[in-house]
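A.B. asks: Sequence:
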Amino acid sequence: MILPGATLGMLGGGQLGRMFTTAAQTMGYKVVVLEPDVNSPAGIIADQHICAKYTDEDALAQLAELCDAVTTEFENIPATTLSFLEAKTVVHPSSEALSRTQNRIVEKQFIESLGINVAPYAAIRSNGD
Numbered sequence: 195m196i197l198p199g200a201t202l203g204m205l206g207g208g209q210l211g212r213m214f215t216t217a218a219q220t221m222g223y224k225v226v227v228l229e230p231d232v233n234s235p236a237g238i239i240a241d242q243h244i245c246a247k248y249t250d251e252d253a254l255a256q257l258a259e260l261c262d263a264v265t266t267e268f269e270n271i272p273a274t275t276l277s278f279l280e281a282k283t284v285v286h287p288s289s290e291a292l293s294r295t296q297n298r299i300v301e302k303q304f305i306e307s308l309g310i311n312v313a314p315y316a317a318i319r320s321n322g323d
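Reminder that position 108 of the sequence shown reads as 302 in my numbering, one-by-one numbering, no gaps.
These are calculated hints, taken from the structure and not from any lab test. Among the clues, some could well be false.
[To be verified] Cut-off 27 Å, straight-line C-alpha distance, at most; resulting in silico cross-link-like pairs (DSSO-like, lysine-lysine):
| no. | residue 1 | residue 2 |
| --- | --- | --- |
| 1 | Lys282 | Lys224 |
| 2 | Lys247 | Lys282 |
| 3 | Lys224 | Lys247 |
All chains, please: the whole structure from these sequences, using the hints.
C.D. replies: This is the structure:
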C-alpha cells in the first residue's frame, strides 16, 4: 500500500493529470509529472515537473528515483516507457496492460477471453473493409 506522504509519478500532464494531481495532493501525496509541455495543466501545479519526452531514459530514471509509484494519464504512452520504469519502481498499469489498450481489437478480444460481454464490433483493417 502506498500511503499519504509518498510521491506519485504521472506520465502525462493534461486535464486528467491535473485532476489526479489535485486529488493526490489533497490526500497528502506529492506528485511528480513527466510531460513534454512546459505549460501543461498538471505540470504547473505538480510538486515537480520533469519536462521531457516520454522516451527520454534519463528523465524516466529521474522519475523512477523520485517516485514510490508511477501511473499514466492516458493510454498513448509508449509501452516501452512503462517497461523501462517497471525495472525501477512500481508501475500501474503494467506495460502489458497498456499495450493491450493501445489496440482496440486486441483489447476487445482480451475482454471477451475473460468471459465478459462486449458490444458488437467489426475489425476494420483496410479501406475495403
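A.B. asks: Mind listing which of the numbered hints don't hold for this structure, in increasing order?
C.D. replies: No numbers; nothing is violated.
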